[in-house]
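So the chains spell out like this:
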Amino acid sequence: MSASRLVLHEPEQHRFEINRAALVDPAIFREEQERIFERCWLYVGHESEVRAPGDFRTRTVCGRPLLLCRDSKNELRVFLNTCRHRGTIVCREAQGNAERYTCFYHGWTYDRDGRLYAVPGQSAYPPNFDRTQLGLKEPSRVEAYRGFVFLNFDANAVSLREYLGRAAEYIDLVLDQSPSGRMEVILGTQEYDIRANWKLLVENSFDDYHLLTTHATWLDYLKSSGVEVKRPEKGHVLPSHGLGKDLGNGHGTTDNVNFRGRPVAAWIPIYGEAAKPELERIRAELVLRLGAERAKRVADTNRNLLIFPNLVLLDGSSVSVRSFQPLAPDRMRVRAWALGPVEESPLARQVRLDSFLTFYGPGGFATPDDIAALESVQEGLGAYKEVQWSPLTRGMAKEGEQLNTDEAHLRAFWMQWARLMQAA
Amino acid sequence: MSEIRRADIEDFLYQEASLLDAWRLDEWLALLTDEATYRVPSNDQPQSDPKNALFTIADDIRRIRARVARLKDPHAHAEFPRSRTRRLISNVRILERSPLVVEANFVIYRYRANEDVRTYVGRYRHTLVMRDGALRIQAREAILDSMELASLGTVSFIL
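In the order they appear, the protein sequences are chains A and B. Counted from 1, the first sequence has number 290 at position 290 by this note's numbering; the numbering is strictly sequential. Counted from 1, the second sequence has number 1075 at position 75 by this note's numbering; the numbering is strictly sequential.
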C-alpha cells in the first residue's frame, strides 16, 4: 500500500484515520528510513557529554555508528565511526578520552580532528593513495541548538534552527530552569528496547488522554504521598487544564498546568521537608531573573515536547531527554537521560534525580506501564488486515483550543509523516 | 550471638528469592528494616551514587512500600498478568562483617505471556543487620551485567 493511503484525512467529515499497516509493514518501515530518517534532523547527543579535547562518546543513530567528540581545538565534532580502510568500528568504547583513534584491525590511526594520521606499511599503496582524502567521514550536516547536537544526512536540508521553528521556544522554556541558561546531561543512561513501532512512542510521549487509565497506580502513589489530585472538571479527563499544540514541521507539545511535583520549583511531600527551602530559593531566583509571569511558565507548567521525528523532551516530574531508534517495524531502542542546570546545588540535583524515578524509566512507576501499553498495541496490530483503521479524531469538531487529551498535536505528527512519505 | 556463617547468609538469600519468585511481597517487605533502600544502577554506571547519577531504581523504604502496593494492584499493567520469575543465587560471599555486607551472583529468568525468556544476570550487594535475632535487609542493590537493558526491557518486577 502506498504511503498516501495510510493517513486518511477528511476535515469536513471530521475523519482522521491511521491505517495500521503504517505500524506493521516492513516495506513502510524501509521507506521511512529513507524519506524521514535520512532527511530530518536527528538528535545525536548533548554538548555536555563531551567536555575536553579528545573526549568522546560512541552512539548509533539511524543505524549509523557515530563518534561524538571534541577535536584538538575543543570543537564539537561528529564522525561516522567506520574505518576508511575496511569499515571496522574505529572507536569501540562507549566513552572516554583519546589522543588518537586507532583501528585495531590493520592499525590505521586517526587524530582528534578525524585526519588519517598513520597507515602501517603505507609504501605498499600506489602513488595515488592520498591520506588527506581518507579521514573519518562526517554526516552531511551537524548543527546544534543550545547544547543539543543534531545531524542531517541530507546536504540540502534547511538549517536546524529553521527546522525547529516554533519548537525552539519550548526548548528555551526548559533551559530557563538554569540561571545561566545551560543544562547538562547527568551521569547514567537508561537504554532499553520496546517491542513496538517507534511511532507509538511518539504518540504516547505527548498523548495525555492515557494518563488516568494507564497511570492509575502512579496517580494513587501521588495521592497517597499527599499530593492533591483534583477531580477532573466536567467534560475533562485530567485533574488540571492542559493544551496540545501543533508547533509545525511535525513538532508538537503538551502545555499543562502543573499538578505534580517539579524540581524547578513545585514542592511535593515526596521531596521531603528538608528540600522545601531549597525549592523556595530556586523559585525566588526564577522570579528575580525572569519576572513573575515567565517564572510561573517555567515552574508551574509541564510540557512533553516532540521534536520530529524521534526526540522527546519531557519536562514534568524532572527533565528527561529521550530519543529512540527504530530497529524493526515492531522494535525500537530508547535512550533516555536526565538533564539538569549546570549550577544546580547537590540537594536540588538529588531531588531532580529522585523525582525522575517516581515516573520515568524502565524501573519508574509510570514508564513500564506505557511500555506495556505500546507492546500490547503492537500485539493487537497483528490483526491489522482485518481491523485496518485507528481513529485519531479527538477534538476535531471543536473550534478554538485543543486540549492535551485531544489529538490535534498527534494528527500534526501524522500529517507531517504522511507529507514526507509522499514527497518525491 | 554466634558468628554468622556463609550458610546463614545463603539460607537468608534463598528465602528472600523464594518470596520474590512467589510474589509474596508483604512477607518480603517484612525482611526489610524501616530504613531499607533498594537500588538498581543504570547499566552504564554500575558503581555510582543516586545523589548524582541517574539510576533505574533508587527507592527508600517509603517508595519500596509504594512499589509493592503498586505491584499488588492489577492496574500495574506492566506486571499484569504478572511475570513469572525464577532466581538462581550462587557465589555467596561475606565481604565485610561490620556492617555485614554480602554479595551473591544471580540469574533471574523472567517469563511473560507470548514471549521468550528474558534473562537478568548480575550480582546482589546486600547490607544486612540483626534485628530481634533475625537477619534483616538494610540495603539491597541489584547490579546488572548487561551493557544496557536492551532486550531485557523494563525492570517492573522486583529484581
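The set of hints was computed from the structure by calculation and includes no laboratory data. For glycine and all other residues, C-beta sits at the position ideal for the given N, C-alpha and C. Hints should not be assumed to be uniformly reliable.
No farther apart than 25 Å at their CA atoms in a straight line, the calculated lysine to aspartate or glutamate pairs in the DMTMM-like style are these [claimed, not checked]:
no.: 1; chain 1: B; residue 1: K1051; chain 2: A; residue 2: D154
no.: 2; chain 1: A; residue 1: K137; chain 2: A; residue 2: D154
no.: 3; chain 1: B; residue 1: K1051; chain 2: A; residue 2: E379
no.: 4; chain 1: B; residue 1: K1051; chain 2: B; residue 2: E1096
no.: 5; chain 1: A; residue 1: K234; chain 2: A; residue 2: E273
no.: 6; chain 1: A; residue 1: K296; chain 2: A; residue 2: D246
no.: 7; chain 1: A; residue 1: K137; chain 2: A; residue 2: D71
no.: 8; chain 1: B; residue 1: K1072; chain 2: A; residue 2: D220
no.: 9; chain 1: B; residue 1: K1051; chain 2: A; residue 2: D176
no.: 10; chain 1: B; residue 1: K1051; chain 2: A; residue 2: E280
Covered by chain A, per the in silico footprint, the following chain B stretches (three or more residues, Cβ under 8 Å) [unchecked claim]:
no.: 11; stretch: 1019 to 1028
no.: 12; stretch: 1101 to 1110
no.: 13; stretch: 1139 to 1153
Each hint, compared with the structure:
1. B:K1051 - A:D154: 41 Å, violated
2. A:K137 - A:D154: 14 Å, holds
3. B:K1051 - A:E379: With Cα atoms ~38 Å apart, B:K1051 and A:E379 exceed 25 Å; violated.
4. B:K1051 - B:E1096: With a Cα-Cα distance of about 24 Å, the restraint between B:K1051 and B:E1096 holds, given a limit of 25 Å.
5. A:K234 - A:E273: 34 Å, violated
6. A:K296 - A:D246: Satisfied, since the Cα-Cα distance of roughly 22 Å is no more than 25 Å.
7. A:K137 - A:D71: Between A:K137 and A:D71 the Cα gap is close to 14 Å, so the pair holds against 25 Å.
8. B:K1072 - A:D220: 13 Å, holds
9. B:K1051 - A:D176: 23 Å, holds
10. B:K1051 - A:E280: 20 Å, holds
11. 1019 to 1028: violated (count 0)
12. 1101 to 1110: Since three or more residues must qualify, the claim that chain A covers the stretch 1101 to 1110 of chain B is violated, with 0 doing so at under 8 Å.
13. 1139 to 1153: It holds, with 7 qualifying residues against the three required.
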